[in-house]
Amino acid sequence: MTVALALSETVRGTTSPNPPVGAVILDADGNLAGRGATQPPGGPHAEVMALREAGERARGGTAFVTLEPCSHHGRTPPCTGALLDAGVTTVRYAVADPHPLGGGGAEVLRAAGVDVEGGLLAAEAAGGPLRAWLHFVRTGRPHVTWKYAATLDGRVAAADRTSRWISGPVSRAEVHAIRAAADAIVVGTGTVRADDAWLTVRDADGALAPRQPLRVVVGTGGIPEGARVLDESAETLLARTHEPDEVLTALAERGVVDVLLEGGPTLAGAFVRAGRVDRILAYVAPMLLGAGPAALGPSGVSTITEAHRWRVEGVTMSGDDVRIAAVPLTGEGGS
Numbered sequence: 002m003t004v005a006l007a008l009s010e011t012v013r014g015t016t017s018p019n020p021p022v023g024a025v026i027l028d029a030d031g032n033l034a035g036r037g038a039t040q041p042p043g044g045p046h047a048e049v050m051a052l053r054e055a056g057e058r059a060r061g062g063t064a065f066v067t068l069e070p071c072s073h074h075g076r077t078p079p080c081t082g083a084l085l086d087a088g089v090t091t092v093r094y095a096v097a098d099p100h101p102l103g104g105g106g107a108e109v110l111r112a113a114g115v116d117v118e119g120g121l122l123a124a125e126a127a128g129g130p131l132r133a134w135l136h137f138v139r140t141g142r143p144h145v146t147w148k149y150a151a152t153l154d155g156r157v158a159a160a161d162r163t164s165r166w167i168s169g170p171v172s173r174a175e176v177h178a179i180r181a182a183a184d185a186i187v188v189g190t191g192t193v194r195a196d197d198a199w200l201t202v203r204d205a206d207g208a209l210a211p212r213q214p215l216r217v218v219v220g221t222g223g224i225p226e227g228a229r230v231l232d233e234s235a236e237t238l239l240a241r242t243h244e245p246d247e248v249l250t251a252l253a254e255r256g257v258v259d260v261l262l263e264g265g266p267t268l269a270g271a272f273v274r275a276g277r278v279d280r281i282l283a284y285v286a287p288m289l290l291g292a293g294p295a296a297l298g299p300s301g302v303s304t305i306t307e308a309h310r311w312r313v314e315g316v317t318m319s320g321d322d323v324r325i326a327a328v329p330l331t332g333e334g335g336s
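Numbering (the working numbering), first residue to last: 2 to 336.
No lab work stands behind these hints: they were computed from the structure. Positions of the beta carbon are idealized from the N, C-alpha and C atoms, including for glycine. Any given hint could turn out to be false.
To be verified - Derived CB-CB ranges, DEER-like: (1) 320 x 30: 39 to 47 Å; (2) 287 x 53: 48 to 56 Å; (3) 287 x 236: 32 to 40 Å; (4) 11 x 141: 26 to 34 Å; (5) 241 x 128: 55 to 63 Å; (6) 254 x 161: 53 to 61 Å; (7) 204 x 291: 34 to 42 Å.
My request is simple: use the sequences and hints to build the entire structure.
Here it is, written out as structure tokens:
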């Protein structure tokens, strides 16, 4: 299952609105026979890819899948049928499928005599590659990660609005990897005007990655002609609104599942105030400014009892910076 999880990570950002799933097939003797991951929409699912590689070695073997095999016929046939046709006799999956159409695959397999068990590394799958998709299925809204870089005193720019570079090179490289796995990057018109943000994924040499997430600019303010966010390196959506729910509804209609919010304090405050931030990734740099804009603008808090409270998922070093991952406490934020 660890291998299957690693496979699912390799296709994050390419499968929406389908989930990024990984699958591994062992033969009857327990030897690795096939590996696969979900292909872009309309393409084969992870189980089918792994079964293709395994061929006849799948007969009498075991399938490890990060998500319960689907049981319905959508753009592709059900994976339960593919597993049964291949002669797989044992299936282990991480997370049960909550989708009203795709769920129930485990019972279909059991009814056909397959030994099925779920829950293997479920927390790792649900909190990792499947996090955004599970949120999308349960709420109907894209999952929003607010990413920002700030100083030790919480500033995202100096008093003169300069901000390059608060975070270090290791953090910046990590952010490009995070962007690569997202479906869309969201900023406000103010960020575009202030930073001429490009919002693209680039490699270590600065070259554009072959796949680029959708760029989304939120707000009713003007955008300068020639702004880099309007170039042809990636698609750009202009969301002429200040309402987070209107933005997320428009993105959901486009099949966007995983959103990276990189806007400035005003846009971040609007999303937090609306309860539409589902995860925070904060890069804190060992730097002090003493003045300049804070990371978060007005978010509906006027007294300490109204504070938005979060649970820290992890704290790690990112070069010289500290990366903090946090999610809302139950019943708060985007949950």
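Hint numbers not upheld by this structure, sorted from lowest to highest: Violated hints (numbers, rising): 5 and 6; every other hint is consistent with the structure.
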